[in-house]
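Engineer: For reference, the chains in residue letters:
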Amino acid sequence: MQAANTNAAEASLSGERDYVTVFVGDAMFGLAIERVHDVFMPSGITSVPLAPREIVGLINLRGRVVTALCLRRRLGLPDREAGATCMAIGLEQGSETFALVTDGVGEVLKLGPETCEPVPINLDARWRDLASAVHRLDGRLLVILDITALLAFGEALAA
Amino acid sequence: MDDLLREFLTESAEHLDTVDAELVKFEQDPNNQVILRNIFRLVHTIKGTCGFLGLPRLETLAHAAENLMGRFRDGFPVSSESVTLILATLDRLKAILADLEAGGTEPAGSDADLIEALDAMSQMPAEEAAPAPAPAALVVQTLERELKPGEVSLEELERAFMEAEGPDDLAPLPPLPSIPDSPAIVDAAAPAPAATSAETKAAAEKAPESKPVEMTAEAAEAAQKNRTIRVNVETLEHLMTMVSELVLTRNQLLEIARRHEDTSYKVPLQRLSHVTAELQDGVMKTRMQPIGNAWQKLPRVVRDLSAELSKGIELVMVGAETELDRQVLELIKDPLTHMVRNSADHGIESTAERIKAGKPAGGTIRLSAYHEGGTISIEIADDGRGLDLAAIRRKAVDRGIASQADVERMSDSDVAKFIFHAGFSTAQVVTSVSGRGVGMDVVKTNIESIGGMIDIATQRGAGTTFTIKIPLTLAIISALIVEAGGQRYAVPQIAVRELVRIEAEGTNRVERINGAPVMRLRERLLPITSLSSLMEGNMGATGADTPVSGFVVVAQVGRQRFGILVDEVFHTEEIVVKPMSSKLRHIPLFAGNTILGDGAVVLIVDPNGIARKVGQGAASGDASDQAEEAGEAALDKATLLVFKGGGSFKAVPLSLVTRIEEIDAGKIEWLAGRPLIQYRGKLMPLVPADPAIEIRSQGSQALVVFSDGDRAMGLVVDEIVDIVEDHLNVEIVADRSDLIGSAVLRGRATDIVDVSHFLPLAYDDWARGPRAAKAKNPTLLLVDDSAFFRNLLTPVLKAAGYEVATAASAEDALRVLKSDADISVVVADLEMPGRSGFDLVAAMRKGGGRLGNLPVIALSGQIGPESITKARALSISDLVAKFDRSGLVAALGELDTAPLDQAA
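Protein chains in written order, with the UniProt record's numbering: chain A, 1 to 159; chain B, 1 to 904.
Please note that a few of the clues may not be correct.
Short derived list, chain A residues pointing at chain B, Cβ under 10 Å [unchecked claim]:
id: 1; residue: Ile45
id: 2; residue: Ser47
id: 3; residue: Leu50
id: 4; residue: Gly63
id: 5; residue: Arg64
id: 6; residue: Gly90
id: 7; residue: Gln93
id: 8; residue: Gly94
Now the stretches of chain B that chain A is said to cover, found in silico as 3 or more residues with beta-carbon under 8 Å [claimed, not checked]:
id: 9; region: 239 to 245
id: 10; region: 589 to 595
Rather than coming from a laboratory, the hints here were simulated on the basis of the structure. Glycine is no exception: its CB is placed at the ideal position from the N, C-alpha and C atoms.
From just these sequences and the hints, can you work out the full model?
Structural biologist: Here is the structure:
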């Protein structure tokens, strides 16, 4: 992780950035590596009654209570089958830590501006709000998620 | 801003606070050299550091203040003016420091005013000053300094030091004669006199020489100081987190060890366990601070006010060493200061007033803190005039919080609570300086926000006492771990009264009133809410048919008691409260979350949130018609007398009240342990409206008098608040026999008192009434569409000696009449939705037989000639105005004299 971080710093000079790839169903998403603090297997999730749907519960991550957020639900996708494996990405926002629960975590990709495209306008509105760009990769597309937007939900409720 | 400067700022701020407090002490005890020395040292440190950091403005100002203080040490009389001046200087220093902190540089500006004043005072030739000319010479101009002082005090050395580090207008040092009782000092200082008389330059060298001297003098204290270090709060928090994790790991290890036979590592594991526990304790302790830290500024505040208002005020502080959590401490600091200010400002009378009232000229504010269970109690008591209730009343009217008529009827303690009303906060004043009650709403809100409570006791002419109870810490609480719906939750122990095991059958079981679960607990009904259904968003109603078993956690929040139904109760555990994520904070049911010993995250249930849900559940109930009818509201306009008792607002229908009295509490007599009062030539028993009410022994006591024939009873209340005419939305409560229910009156939750509960308390035979001799009371059917009026009249009718059956509609009434042959009289409301009372009576008469002749008394809001004619036509015995209770009783009495079968 640390090595990747250093790379990110170097790469930014050439306009290239590092993304952690995650999977949800068939789709692949990229998360800016600077925002990613941890990758871990979520276990012992305590569900929170009456919580916004996106929140699957609370997790004890090395003595810290982190709020687990389901990427599937955030994207409006159906829940994964019971018992299916999942991976969580630790993200920090403000003084809080969130865990983004995904189906799986892939490799770290270094991507330059040449493959970058703006978000297609015909994308589902929900996705459009969460995506910041799309990268054309060999054989598949990588949607870059805007982490700040990803974590901006439930604000109205909280207020 | 560099670290050095930042550290300087923190340190100086602390020093200045200490100096504030010390100066006030010093003013009262000018001969106390220890205090003076302490002050001197602190100011000196500030000055020295300023010079070092290149902050000329601060340095000059501190220097001028130091000069004046130097004179005090030399015996210059300590006057109130001089202390005020120094305090003003300290304030200026603080202001500059604040700017410095904000901007990173010393702000521009001049302190000439203060410096001049300080210099002027320093130069004042004080004849009374003991070591006469020397001190004067010290602080002023070069010329004068060359005069050699005739005598030297013990403090001369330090003074020399002070001079040495002063601003560069420094003059030759005064000679330093030998000091007999301190040879070490003499040695160090020896070269000084020679140098001084010779040249100015010596001053520069003088300083380092003197320094160790002062150090010796202060060595002991310095050593004391060095025992504490400053640690960043974040570091502590991090430490705390790490320790929590260590505890978890240890627990896991212990678990593994239990499963293994291998004993070789059991001993070190045991040791690890102990060390961990101690470490945890230790880290917890770092969060605790003596409450005295929050009080530090108060002596100064009181002193300033004392001077400003020219009245003598003494601040007595007891229990400053009482420890509480840093976080709580921060939160109560401002409210406390505010309240002490208020007490000094308004609580304590002027000196003249006090003397006139025969009190000691100086007022006293007593601040005390002590531990009580898991809470800390803080009392702020003054011996002043008590709250100016008349002014508060006026203000309440001015602000439109209550009407003139309202406030006049309100009792003192209720009026006192007005100062917590937001309407009083922005106020310009009840009295001169700042209004008592200014910001008191904020005080109350702040205290309540940390789970605290605040109470006022005030007595005219004797003073006011505020009592605050707050939890010791917000970070670590004792919690009961329970399970509901397959998930564990932590319930704060502070809200838990008891635990009751519930079985599907047997004495301890959950019963249902129209779907609403309740439980009998020692002759009381306790509303129950199921935690698992609450968590499903069901407002606590459990599935109606499933037999319920498990445990009921009896909880109390304020005065509300309720049971939380859970599946399993595990144990109590000290838990570290972690705040809820910002995404989840809106859920009212949770106060936070925590990590348990086994590493699991559990949610901490907020009893306040549940209490609110329980109330809502009662209102919304089940969707069925009957539920709406019973639990909900009848929209009826009623006139109620609102009073205060046992900490809450209560109300009785005004129609039941005979009189409202304020009696002299001294006239209350006790016979056989029961309070009585001579009232209109008779003895009248007194009954408190709430168990929590204490019958006063002095001052005046508010009573609500109820009478029935020649009997009267005085309901003891804390104070009469109001007479309210309002639409009533009564929520029936099942768990209290002394209450019919509660309603919101004028925006306040108000308990509606069931008078019938109190009458038997006054006269054992009242409930049975004069007809007690009869074998069986006649049964009466009360027909009214309003649940409220049915509840209201039932006790009245019972008191009049009837068994009462009720019906909510004409149809209902006919059904009851057909099935219950015992009913011998009907009291019916004429104005009902659907079939009116007239329709009901017409149906009864038409049917003929028993019902055809049954006497009927009709209740009506409006009695006009038309309705009287109609009533006659239907053989209605009497037509009584709806609120005319005695009229109704009289009408029933008339019926009674006539043989029932001929009543029509």
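Engineer: If a hint holds in the structure, say so; if it does not, say that too.
Structural biologist: Comparing the hints with the structure gives:
About 8 Å separates the beta-carbon of A:Ile45 from the nearest beta-carbon of chain B, less than 10 Å, and the hint is met. Using the Cβ-Cβ criterion of 10 Å, the hint placing A:Ser47 at the interface with chain B is satisfied: the shortest such distance is roughly 7 Å. Because the beta carbon of A:Leu50 sits about 5 Å from the nearest beta carbon in chain B, less than 10 Å, this interface hint is met. With a cut of 10 Å, the hint placing A:Gly63 at the interface with chain B holds, because the nearest CB-to-CB distance is about 4 Å.
For A:Arg64, the shortest C-beta to C-beta distance to chain B is roughly 7 Å, which falls under 10 Å, so the interface hint holds. At a threshold of 10 Å, the smallest CB-CB gap from A:Gly90 to chain B is about 14 Å, leaving the interface hint violated. Because the closest C-beta pair between A:Gln93 and chain B is about 9 Å apart, less than 10 Å, the hint holds. The beta carbon of A:Gly94 comes within 8 Å of a beta carbon in chain B, closer than 10 Å, and the hint placing it at the interface holds.
Restraint check on the region 239 to 245 of chain B versus chain A: 4 residues with Cβ-Cβ distances below 8 Å, three needed, restraint holds. Check on the region 589 to 595 of chain B: 5 of its residues sit with their Cβ under 8 Å from a Cβ of chain A, so the three-residue criterion for coverage holds.
Violation of the numbered hints given earlier is confined to hint 6; every other hint is satisfied by the structure.
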